[in-house]
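**Q** Chain residues, written in single-letter form:
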Amino acid sequence: MNIFNKLSFHGGIKPQGNKNISTKNPIKKIFIPDMLILPLRQSVGKAPKLIVSEGDYVLKGQQLAKPSSNLSVGIHAPTSGYIKRIAMHPVPHPSMLNEECIFLEPDHKDQWIKKKVIDYKNLKLEEVLEQLRQNGLVGMGGATFPTHIKASSKIETLIVNAAECEPFITCDDMALREKTEEFLTGVDIAMHILGAKKAIIGIEDNKQEAITELQKKNQNSKIEIKIIPTVYPSGDEKRLLFLVSGLKIKKMDRPSNHGFQIFNVGTLISIARLFIHGEPVISRVVTFTGNLKQPNNFEALIGTPIKYFLNDCGIKEGDHQIIMGGPMMGFELQNSEITVTKSMNCVLIKRNETQSKDTSIMPCIRCSRCVEVCPAELQPQELYWFSKSKQFEKTLDYKLFDCIECGCCSYVCPSNIPLVSYYRYAKSEIRSEEISGERADIARDRNEFRLFRLDREKTERAERNAQRRAQIPDAEKKKLIEEKKAAIDMALKDKEEI
Amino acid sequence: MISSPIIKESDSVSFVMSHVFFALIPSLLIYIYFFGYGILGNLIFGVTLGVLFEYLCLKLRNISAKPFLLDGSTIVTCWLLIISIPSGSPWWIILIGVFSAIVIAKHIYGGLGSNIFNPAMIGYAILLISFPAMMTNWEVSNSLGLNNFLNLKNLFNLFHVQLISNIDAVSSATPLDNIKTYLFLNADNLNPNNFPNYEIFNPRSIINISYFAGGLYLLHKKIISWHLPITLIITVILFSSFMSLIDANKFMGPIHHLLNGAVILGAFFILTDPVTSPTTKRGKIIFAILIGIITLTIRNFGGYPDGIAFAVIFMNIWVPLIEKFTQPKVFGY
Amino acid sequence: MKEYLVLLIGIVFVNNIVLTKILGLCPFMGVSKKLETSVSMSAATAFVLTLGSISSWLIYHYLLEPFHLEYLRTIMFIIVIAAIVQFTELVMEKNFPFLYRVLGIFLPLITTNCAVLGIPLLNVQMNHNLFGAAIFGLGGGLGFSLVLILFASLREKLEGADTPLAFQGTAIALITAGLMSLSFMAFIGLDNL
Amino acid sequence: MIKKQLFDGLWAQNPGLIQLLGLCPTLAVTTNITNGVALGLATVFVMVLANSSIAPIRKIVPDGVRVPIFVLIIAGLVTIVDYTIHAVSFPLYQALGIFIPLIVTNCIVLARVESFASKNSVKESFFDALFMGLGLTIVLIIIGLIREILSQGTIFQNIEFLLGDEFAFLTIHIFEPKHQFLLASLPPGAFIALAFLVAGSNLINKRK
Amino acid sequence: MIKTIVKSSFLITFIGILFGILLNLTFTFTTPQIEKNIKDAKMNLLNESVGNLKYENNLLNDKIILGPNELLGNNTNTDAYIARDINGTMVAVVIEATAHDGYGGDINLITGINKDGNILGVRIINHSETPGLGDYIEKKKSNWIDNFIGLNLSGDSSIWKTKKDMGQFDFRAGATITPRAVIKAVKKTLEYFKENQDKFK
Amino acid sequence: MILTVMIIVGICFVIGVFLGFASIKFKTQSDPIVEKIDKILPQTQCGQCGYPGCKPYAQAIADGSADINQCPPGGDDGIHKLADLMGVDYKPLNDEHGITKEKAVAIIDEDTCIGCTLCIQACPVDAILGAAKQMHTVIEKECTGCELCLPPCPVDCIIMEPVGETAESWKWKYPVTSIKQVR
Ligand SMILES: Cc1cc2nc3c(=O)[nH]c(=O)nc-3n(C[C@H](O)[C@H](O)[C@H](O)COP(=O)(O)O)c2cc1C
Ligand SMILES: Cc1cc2nc3c(=O)[nH]c(=O)nc-3n(C[C@H](O)[C@H](O)[C@H](O)COP(=O)(O)O)c2cc1C
Ligand SMILES: Cc1cc2nc3c(=O)[nH]c(=O)nc-3n(C[C@H](O)[C@H](O)[C@H](O)COP(=O)(O)O)c2cc1C
Ligand SMILES: Cc1cc2nc3c(=O)[nH]c(=O)nc-3n(C[C@H](O)[C@H](O)[C@H](O)CO)c2cc1C
Ligand code: SF4
Ligand code: SF4
Ligand code: SF4
Ligand code: SF4
Ligand code: FES
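Residue numbers (this note's numbering), protein chains in the order written: chain Z, 1 to 498; chain S, 1 to 333; chain R, 1 to 193; chain U, 1 to 208; chain P, 1 to 201; chain E, 1 to 183.
The shape of chain Z in the complex, shown without the other chains (with noise of 0.2 Å):
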């Protein structure tokens, strides 16, 4: 694999790393606030079903909600304390709309559910999954995938997500730092249930404190640890994969497909506190950076309001905009009431500056800057001009839905276009036109088989009178036929007026 060292993926960009802001000081311990807010949907799939109502009193670790399918996995009580209301309430997500949320007030007893240890190696895989489900694991990359899908593959070769290219985001590097052992512990379960005979750490060359805590525990020779170059976004999972095994596979093909597996760091720990202390997802390690007094790290509980945190850290004077996220792909969230979740990795403060810098809009110039750096190889100022323009199907053809929404374009830029905007806005008309169009296709159907329907009920009925005429005497047959023609007369005349 060592011939893959210098190997570098197309485009990507450098800014300014801006991580030592927040690295100054270890990660700091969870605290309890006066009340937490779960949102119901933390993950990709189906909400999972509430199991408890207002009022109940519950443990830490305790299971709020049950997988409802396949796709989705539990939530759990962060601390104990009781249910306090089921409510709608602003969620991290762009839309800026309310979803259900559990409200969780503390009793600030802070007291453990009766823990289980999980004896993984003797447990049927099955079984091991449906832990992974209940516990509520999914990716703490960003995605917030299940893990217990993505752990059933059978594969070679694990890696391991400890690039974190975005700028400012430093909680995996952190987390490296500061819980190593957890951390290999967690591969090597990894490794375990996925039958992996190796791993990979991907890791950028600008931690190098994280690498060399690495290198020194690390004991096992079947984990690598691979230094790749500093640019984003080589933390995205196709380009992480490329760096590390020289394998290009499109948007839509899954690493698995090929051998590979891979894992954020995050979600590495959190297996390991699973299976060694019978821990189920309930906190995480998450970022408060930029225009903050003391940035910091932080081992936070899931549901805890973003304010917390901010409030420690400590906000500059003046107007600010908050940023779930990083720099380059994250979003704003509109107050600080929201709460942490198991996507949240970073809080950006941004200051409003007024800009003397040169913003305005303009119109593409088709400069092609944007087209070297897509890490995507694609074209975005094709892709722009026909999202701009709507014209969807075009932007298929330029293969929009392989666009990972990194921002390396909108970022060099000269005309200042938010073009990821536009792909966002492009991609979501695409979706909905396609579930419309299955809905329609479905209502289609349905109209098709009552028309179907009305038919063969209006000939069975034709073909019963038929059976009954025939057995009535001649003189009310021609009553009958009268009879119905009149009301045919009456039918025709009622169309025609139509």
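Worth flagging that the hints you see were computed from the coordinates, not collected in a lab.
A quick note: this is a predicted structure, and the numbers were derived from the prediction, not measured.
Each hint should be verified, as a subset may be incorrect.
[Said to hold, decoys possible] Under 10 Å between C-beta atoms, here's a sample of chain P residues computed to sit facing chain E:
hint, residue
1, I12
2, F14
3, I15
4, F19
5, G20
6, F27
7, T30
8, T31
9, P32
10, Q33
11, I34
12, I38
[To be verified] No more than 35 Å apart at the CA atoms, straight line, and that leaves these computed lysine-lysine pairs for DSBU-like:
hint, chain 1, residue 1, chain 2, residue 2
13, Z, K307, Z, K49
14, Z, K109, Z, K121
15, U, K3, E, K171
16, Z, K390, S, K250
17, Z, K29, Z, K248
18, E, K173, Z, K248
19, U, K123, R, K34
20, E, K171, Z, K350
21, E, K91, Z, K248
22, E, K141, S, K324
23, Z, K84, Z, K115
24, Z, K350, E, K173
25, Z, K154, Z, K24
26, Z, K394, E, K36
27, Z, K28, S, K8
28, E, K55, Z, K390
29, S, K329, E, K39
30, Z, K251, S, K221
31, Z, K124, Z, K24
32, E, K91, E, K36
33, E, K171, S, K59
34, U, K206, E, K171
35, P, K184, S, K250
36, E, K171, E, K36
37, Z, K350, S, K221
38, Z, K222, Z, K251
39, Z, K154, Z, K109
Every residue, glycine too, gets a C-beta built ideally from N, C-alpha and C.
Place chains S, R, U, P and E with the ligands on chain Z using the hints.
**A** Structure of chains S, R, U, P and E with the ligands alone, referenced to chain Z:
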């Protein structure tokens, strides 16, 4: 709501365009040194008109004008148009040219970024077609005058030179045209004495070299990529060498082709118009090769002294198709 | 041979049937909104043009001229062309159902394409021989196809442009056709090599 | 009805501006007004006769041979016009060139026959052809006017071809161009002139 | 099915007959006038090309056919018309020629030459030079074409050039290709006449 | 004259026979364009277009007897697509046929419903469940929102409930850029 990404590289359209005219300034100075200040008046007049037309169009279309007036693309367009037409052209020629470029070729299509034809070259082609006599002759007169060929006054070239200040310049012939008419008649009707004996380093070729330098600056600044200019120059060299190998008496060699006429200017400043050239790398190469071949075909066989302008607008038509067929592979496909 | 090459280059580039001779504009404007359909249309037209040119030459030289019925040429040419179109449709549907599905709806339109009658009339005017007529018809078809396909590709692209409202649709298409015609003037002089 | 047809023909469904049919003569012969008028009127003549002779037989023409029969009738009419112009005004015949026989394939003629005369009464078809034809003629005249003024500086140049030598005085010389604006008389100019007309009509329609 | 066929073919045939008759009538009525028009036009041109020379024969009918010749620039047969005096002796010929090196393509012209080899007149039949630039060779546009009157091959051959090329012909600035082509073609026609004088008897 | 007529008649005869034959042999089959139009129509089956369902309207468009701007549920997008398919110019929705409304589904107030089955008969997609004299319910997933069940209901117990936006059905909006405004 702000949209991601929230950090940006600081670069803007006006920044890109201003590099283009930085790159053009040295050649302008050399031009003035050799041929006098005439060009400057045209330039000021043309650019002012262009900005005016731009402003009017934006106002008519109800678009806030400021960012577009500041983007500098109008200035680049007008500049390139003005240096392509004889510097002694009357004001109304400039007016018609700038109108064609800015209004017809650019704003009717929707302004910056939406045009499919190179505005400056459309302006030039419309002028050439409409007023061939004026555009191809320095002295525009209808009198079927005396033997003014000896005075070498009716020079024509894509860069018609201002002859006011420097008499030396007069003796520098415009070989493209003279050789062409010479070849056109198989020499049997032309006084052989008139066949241009010209030096390689005449003012015009020096100006062309300064365009080359400006082009290198743009390459260095990554405003343009190498594909278009280098491919064009190589194509011209190869194709003209090939032709002159066939018949050196009929066809000029590569040096003449490069140092005369608009190949260098075209290679670095005209083909590279980002809006109207292909965006794919292979597309750029195909585009430039075809422009080179068409240009030389027009020069050697066609009806115009220089072919860059027509070759460019002809190839502009092909850009969507070229792009369609040169799409690079998407990651993973 | 060279003269035929010059004839071909002439009708495709220098005196392009659509942009310079101004024939066949209605399908040029009408069937150029989509690249795909324009490709089908141009294939169908090129086919009919070539066949029409040849057969009308034959009719003219073997039927009309011997009997001094030149005044019937318009009527005969168009009837023959209409028949060819119909015939093509028939044969295609029967033997090349795939092609028919692609070209089918365009075939009837060709009858009203000026170029289809213009080429045979020009053949008469320019005194072509049979081979010349064939080349001329083919060249006309190629020239038509070339500009139609190019034009369609440009129009598809212009869909996304910020064209001012007054110029959206046909007006901008006409401007584009005009500028295309301008750029085809690049080839002036290349047909008298 | 007639009023609506008039409005449709001259404006709302104008063949040259809206339907974009009959473009070849619209662009090819309009280097001056005279040509435009002459070809326009010839087209009107053919259209009127074609429409009013096809309307009465519309019911008896079988579907399959509809187009050939229509084309046959149109071609016959066109040939008559062709020879008449040839005999009456030779210079005009030369100026219009092959565009007279090409009226056969002028799309607007067949389009009106197909979409109107084959569905409507004789009287309506007659007026339809008349107004559609006049609509086209007006466009021909306007484009001819623009191009003639720009490229020659005259109006009604060659009018004597149409009206006879006595009327040569009608030609107006607006200015004696020292430099003709050749673009206007060349094909690109024709396209661009029509484009501006279409844009103008778009503007007026949008205003309403 | 048969009915439709019969009906279609009957209808077409009927219309065919109708138009056959109509067209034939039109043709019969217009042909004389058309032929006269064409003849007149040609006659005018021929007369202009022989200037005010008097001749007695019907020029149009008195023609001979010249095969392809390099000097005349023709690929196919062309016509030459012979003007005769009352005795039937030849006084002048009008020869058609083609110049291939015009700016916009071929230029067809006729040259009237008297029996001594002097030019009586030249007329352009058709050309595709740029309107407003190269079209001053038309008599309608300017008198330039009259420059040829009276010239012959006997004198200094260098006069057969534009002034730009130090000959004697005027030219319009920006359009020297056209006059060069015309001058060359006329000169070659004269040469042809000189070489083949015996053909024109 | 005779010759002219003979030649014309000869050629016309040949062509006439030939084409007459062709016209029968190749009678136009069912037009696939109807399917394509139907594919674009939203299948609400509401009849607002003036036809008893989407398919009949599609047929009418294909015949040329109906205009493309008569379907309110299809909205502007639908008209644009139809214009594209039919090769005609876009025209705004004809408001005689109604206006485009937000998508809604019918909800039967189960307390008021008397179980008369009238709505079941009206529903074009069989989206209402229930038997005579029993309370009826609408299968939300299948209801197209056509409103045809509203008028027959004798007790007016059916209301249309707009389908709100959820985080799942939420769509990214068209980016607003400050300076561009096409006119
Ligand atoms: C719709 C969807 C279906 C997926 N199906 C599978 C699957 O069947 N097997 C699997 O191992 N991963 C599956 N994944 C997970 C992806 O392989 C990938 O790990 C995940 O999307 C996270 O990647 P990202 O953050 O780069 O988007 C699926 C993801 C999505 C969005
Ligand atoms: C542009 C882009 C950048 C990404 N960067 C990272 C990253 O730096 N670290 C990371 O763990 N995941 C990153 N991801 C998400 C990964 O693609 C992928 O979802 C994740 O590694 C899968 O692991 P998980 O299922 O354990 O979350 C990125 C995704 C995208 C689209
Ligand atoms: C659009 C255009 C049309 C031209 N038309 C003609 C023409 O019809 N006749 C002609 O002799 N030269 C024409 N020329 C000019 C020739 O290209 C050639 O340069 C010129 O005749 C040389 O003349 P000079 O020796 O006087 O400079 C035209 C040039 C252009 C650009
Ligand atoms: C490298 C470069 C080259 C350019 N070349 C041209 C050119 O040849 N002609 C022109 O009209 N504009 C040119 N422009 C300006 C600008 O792209 C042009 O006005 C757009 O075509 C207008 O939409 C150029 C700009 C750049 C950055
Ligand atoms: S970087 Fe911006 S301006 Fe340049 S091509 Fe891409 S989208 Fe267009
Ligand atoms: S956002 Fe999409 S188009 Fe833009 S650079 Fe990233 S992958 Fe390419
Ligand atoms: S109006 Fe209603 S019935 Fe008619 S097409 Fe639209 S959805 Fe279908
Ligand atoms: S339930 Fe009512 S609104 Fe819904 S589809 Fe049926 S009839 Fe239409
Ligand atoms: S008039 Fe329609 S194609 Fe010529």
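**Q** Give me the numbers of the hints this structure contradicts, sorted from smallest to largest.
**A** Checked against the structure, the hints that fail are numbers 7, 8, 9, 10, 11, 12, 15, 16, 17, 19, 21, 22, 25, 31, 39, while the rest are satisfied.
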